[in-house]
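A.B. asks: The lines below spell out each chain.
There are 2 protein chains.
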Amino acid sequence: MKPKLTLKQIAKELEVSISTVSKALRDSPEIGEDTKLKIKAFAKLYNYKPNNIALSLKNRKTKTIGIIIPEIVHHFFTTVISGVEHVANEKGYNVLVCLSDNSFDKEVLNMEMLANGSTDGFIISLAKETMQKGDYHHLQEAINQGMPLVLFDRAVDEIICDKVIIDDIIGAGKATQHLIDIGCKNIGLISTVDYVSVGKLRTEGYLKTLQKNNFSINEANILKIEGMEYSDEEIQKFIIDKDLDGIFAVNEHFAISAIKAVLASGKKVPDDVSVIGFTDGELSKLFIPSLTVVSQHGTRMGEESARLLIEKLERNDLEDENYKTIIVETGLVKRDSTK
Amino acid sequence: MKPKLTLKQIAKELEVSISTVSKALRDSPEIGEDTKLKIKAFAKLYNYKPNNIALSLKNRKTKTIGIIIPEIVHHFFTTVISGVEHVANEKGYNVLVCLSDNSFDKEVLNMEMLANGSTDGFIISLAKETMQKGDYHHLQEAINQGMPLVLFDRAVDEIICDKVIIDDIIGAGKATQHLIDIGCKNIGLISTVDYVSVGKLRTEGYLKTLQKNNFSINEANILKIEGMEYSDEEIQKFIIDKDLDGIFAVNEHFAISAIKAVLASGKKVPDDVSVIGFTDGELSKLFIPSLTVVSQHGTRMGEESARLLIEKLERNDLEDENYKTIIVETGLVKRDSTK
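First to last, the sequence lines map onto chains A and B.
In terms of full-length UniProt numbering, the first sequence opens at residue 1 and continues consecutively.
In terms of full-length UniProt numbering, the second sequence opens at residue 1 and continues consecutively.
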């Protein structure tokens with residue numbers, strides 16, 4: 001009845017990070033020799049099996065797919081899960097969902113747990129912290145050992161695997177162009193910090209479209225938000241002293257928050273300010289005014305991810321290095337928040 | 001590399017339901033002898049291990065908790081998951097989430113998969129279909145074999161285990177009483193069909209409170225909705241020809257839908273009609289008018305569920321038959337949708 005030793009426990013005992021333990025056990029050159037020796041000796045003493053991916057390969061065909069997402073209280077990710085479920089069930093696969101809470105350590109631990117004989121492959125959207133660190137050794141390791149992987153939405157160039165993304169730059173361009181077409185002259189952007197890949201790409205789409213239309217770029221019209229906690233206050237402060245007549249927000253929450261800030265400042269939506277969001281959440285449809293959005297098609301992204309993964313699993317050729325990137329096209333859904 | 005035989009495959013091969021296979025392998029008196037013999041012989045031939053709960057007990061301490069929820073695109077359930085995650089991580093447990101999609105078969109299959117060595121115990125909110133059938137053999141089986149179980153929100157009396165529920169009757173009573181207190185004379189109820197336990201209890205709270213206040217009960221003022229698919233249309237039809245001045249809806253979606261139907265009929269919220277929902281979703285806070293609600297405290301329900309389960313796991317006494325029911329108290333949050 002003795003609990004299994006986990007990465008986390010080794011890290012705690014030796015007072016090093018989970019990432020250090022994980023890398024040391026894989027002989028990464030990033031870790032000093034002394035540390036590696038110490039960690040390996042400790043793991044051996046307690047009979048720790050480094051991430052049993054190889055083991056699970058032998059017993060492949062659990063007929064289970066693991067999804068790791070950064071957040072659960074977020075409509076987009078729940079629609080992706082629905083999409084994965086739909087295709088997976090059709091093809092006789094079960095689905096397990098884990099949360100990384102945007103934490104690098106939790107992402108590594110989740111992968112360790114799921115690879116441990118529970119799943120045949122992964123569908124992952126990266127944690128914010130993972131992208132910030134730029135540390136993808138846990139993903140590379142899974143791929144190296146033949147565990148198929150699909151990255152969706154928050155994907156990175158550093159990892160070569162199947163990917164399902166949307167045309168973020170083009171989608172943001174559509175939103176910005178629409179604001180220009182309906183006569184907006186001073187267009188603001190509410191985005192996330194740049195290390196979140198989709199935030200960066202959507203910012204790029206906004207900038208490119210302004211340039212293409214010979215609009216000057218005003219850095220003061222761009223707000224980059226780090227966390228959700230104080231986003232309402234940040235957005236209110238951003239909007240109050242600017243004379244924006246158009247706002248493009250990279251998610252649903254920011255867009256709704258922007259509308260409320262505009263209304264609070266005594267202006268009208270869409271008469272004085274037009275607002276476009278990036279989402280296909282329920283809130284956008286139900287809100288008054290209903291929200292004009294660049295539609296993300298979360299369900300379709302989930303379906304495509306499941307199809308790619310299952311295709312790879314059933315081909316069952318570990319040497320197959322033929323990776324696909326599926327780009328799900330965004331669409332502009334016009335509703336009442338724009339003129 | 002041969003795939004494991006699953007319950008589902010046996011059911012398909014023998015052209016019987018998953019429930020029949022599951023019960024036959026457990027020697028249930030509900031299944032005829034012939035059928036049992038056939039199913040058992042088939043399972044033996046293919047070396048199927050009936051639900052490896054007993055097996056997993058030996059290897060107990062996966063330090064993983066399995067959550068099975070009916071729906072994922074639903075704010076309440078995502079807040080419960082957050083709550084479970086929070087306590088579980090604090091205590092060094094991982095969390096795996098599975099969806100039943102409100103299907104009995106999927107619930108049984110999910111339990112089979114998770115009990116198969118992946119988890120130490122379950123936190124479950126029952127599928128609609130399970131409650132409709134009243135078939136809880138899969139839950140009873142888990143308990144009989146010493147696999148701890150916590151039911152939350154959609155719990156049933158038939159299963160004796162730890163439970164976390166809210167005071168649905170009292171909560172619905174608070175909403176109804178508030179509508180009466182602010183002067184509503186003709187109060188409508190938008191609920192779910194009765195076999196969903198929480199819908200039934202909230203209806204009971206509404207009825208009891210009307211009676212206590214000597215209001216007559218008008219069956220025409222009660223709408224019971226089966227699925228979400230056509231709920232908007234049903235609610236619109238329900239509201240249009242009635243002279244309601246107060247509406248209590250048992251979830252967020254129904255409440256928002258009711259407000260939109262009232263507005264569409266040319267009346268005002270809250271001037272002509274006051275509306276109360278049952279939720280603590282984001283939408284209620286962000287909607288204009290913001291929604292007066294009976295707060296469900298999903299996060300706290302998740303936290304309490306995780307605490308109960310982990311307590312039982314760490315006591316590690318399979319004979320322990322001391323079960324608790326924690327009732328999370330609801331609160332009335334007054335906002336702009338009521339006078």
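Among these hints, one or two may not hold up.
Remember, identical chains collapse to one label, so a pair may be satisfied in a single copy or spanning two.
Think about it this way: if two alpha-carbon atoms lie no more than 35 angstroms apart in a straight line, the pair counts; the simulated DSBU-like pairs of lysine-lysine are [said to hold, decoys possible]:
1. K40 - K133
2. K324 - K12
3. K38 - K91
4. K268 - K224
5. K212 - K44
6. K91 - K40
7. K268 - K44
8. K237 - K61
9. K267 - K133
10. K91 - K44
11. K185 - K91
12. K285 - K237
13. K12 - K267
14. K334 - K36
Don't read these hints as lab results, they were simulated from the structure.
A.B. asks: Can you give me the call for K267 and K133, within, between, both or neither, at a CA distance of at most 35 angstroms?
C.D. replies: neither (41 angstroms within a copy, 54 angstroms between copies)
A.B. asks: For the identical chains here, do K91 and K40 meet the 35 angstroms Cα criterion within one copy, between copies, both, or neither?
C.D. replies: between (41 angstroms within a copy, 26 angstroms between copies)
A.B. asks: Could you place K38 and K91 in one of the four classes (within, between, both, neither) given a Cα distance threshold of 35 angstroms?
C.D. replies: between (45 angstroms within a copy, 26 angstroms between copies)
A.B. asks: Please work out whether the CA atoms of K40 and K133 approach to 35 angstroms or closer within one copy, between two copies, in both situations, or in neither?
C.D. replies: So K40 and K133 pass the 35 angstroms test inside one copy only (24 angstroms; across, 53 angstroms).
A.B. asks: Using 35 angstroms as the alpha carbon limit, work out where K268 and K224 are close: within a copy, between copies, both or neither.
C.D. replies: within (24 angstroms within a copy, 38 angstroms between copies)
A.B. asks: With 35 angstroms as the alpha-carbon cut-off, assign the pair K237 and K61 to within, between, both or neither.
C.D. replies: Close neither inside one copy (53 angstroms) nor across copies (50 angstroms); limit 35 angstroms.
A.B. asks: At most 35 angstroms between alpha carbons: which applies to K91 and K44, within, between, both or neither?
C.D. replies: Close across copies (25 angstroms), not inside one copy (40 angstroms); limit 35 angstroms.
A.B. asks: Between the shortest in-copy and the shortest cross-copy C-alpha distance, which are at most 35 angstroms for K324 and K12: within, between, both, or neither?
C.D. replies: Answer is between; shortest inter-copy Cα gap is 34 angstroms, intra-copy 39 angstroms.
A.B. asks: Indicate which option fits the pair K268, K44 if close means a Cα-Cα distance not exceeding 35 angstroms: within, between, both or neither.
C.D. replies: Neither: 66 angstroms inside a copy, 71 angstroms across copies.
A.B. asks: One pair to classify: K285 and K237, alpha carbons no more than 35 angstroms apart. Within, between, both, or neither?
C.D. replies: both (26 angstroms within a copy, 20 angstroms between copies)
A.B. asks: Could you place K185 and K91 in one of the four classes (within, between, both, neither) given a Cα distance threshold of 35 angstroms?
C.D. replies: neither (50 angstroms within a copy, 54 angstroms between copies)
A.B. asks: Pop the pair K212 and K44 into one bin, within, between, both or neither, using alpha-carbon distances up to 35 angstroms.
C.D. replies: neither (60 angstroms within a copy, 70 angstroms between copies)
Hint compliance for this structure: hints 5, 7, 8, 9, 11, 13 and 14 are broken, all remaining hints hold.
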